[in-house]
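Make a model of the complete structure from these sequences and hints.
Quick note: the sequence shown uses our numbering, first residue 11, plus one each step.
Just so you know, the hints here were simulated from the structure itself, not pulled from any lab data.
All C-beta atoms, glycine included, are put in the ideal place defined by N, C-alpha and C.
Lysine-lysine pairs mimicking PhoX-like chemistry, simulated, CA-CA at most 25 Å apart: (1) K59 / K18; (2) K186 / K230; (3) K15 / K45.
Cβ pair distances, simulated, as ranges: (4) K52 / R194: 56 to 66 Å; (5) A210 / K52: 48 to 58 Å; (6) K52 / G231: 46 to 56 Å; (7) N184 / N44: 45 to 55 Å.
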Amino acid sequence: MNTYKISKVLNNNVLICKDNGTEVVLVGKGIGFNKKPGTTIKDLDTVEKVFKLQNKTEQDHYLQLLDQTNEEEIRVVIESVQIILAHFNIENNESFIVSLTDHLIFALKRVKNNQLISNPFLSETKYSYPEAYQIAKRVVARLNLQLNVMFPEDEVGFIALHIASQIEHISIENTKQVTELINRAIRLIEHDLEIHIDKASLQYQRYIRHMHFLLQRLKKGERATIELTFEKLLKAQYPLCYNVAVKIIKMIQSQMDVEVYEAEVAYLTMHIQQLLLASQKS
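Below is the structure:
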């Protein structure tokens, strides 16, 4: 049976301990009550979560983060990280645990200091990564309630983007590249077709999903196909939308340095046409 020697009592719910020489963080309701450094934890029934960071750099960074934050904020942030890890069944991912804790702590500091940052990728993040967005929204609601703060929706989007980088198995940089490309494409459509796109519309959500999967296909080197006659028909029937689709594809080719086949232009044309029709009806 594991026993843990207490190094530091952060608060009633969080302890820093030693486990065979390795620093670990124990989380559990009331686990730190009346405990002192140097004593041993033997009643493991009170331990709800153990964060064991083997990487010394990650471990040092994590402990520094906890040391810079007050007890109540530490408790709520750690519990928030637990909620996200449990929801996506993420285990033993040290870098994600540390980076997510870091993200939440500094997002909280920004909100408390009223240093609010506009999120240009909010709509695209919401519809490209709906599951990550919903769990981020749940976590933020909890942070707001328990810490008496008010995270803006922009911060929900930033947290969702951070989560998406893990569950989609792509880097934050790549996740941002995807959302930025989608955002630029939307601006191009609105400018060239002289329309306003309703971000709450079903057509917009479908378009976002299409763009998201298009970009993922290109990253994986997958190729879409379409009947040549159908492609020619789309080009003839919807020349404006087709030309916008060509511009978007060229932008993607330039930014991602990948080859994009004609079939993708045709599929994109159909979605742009639906956005145009929806804007004309609203």
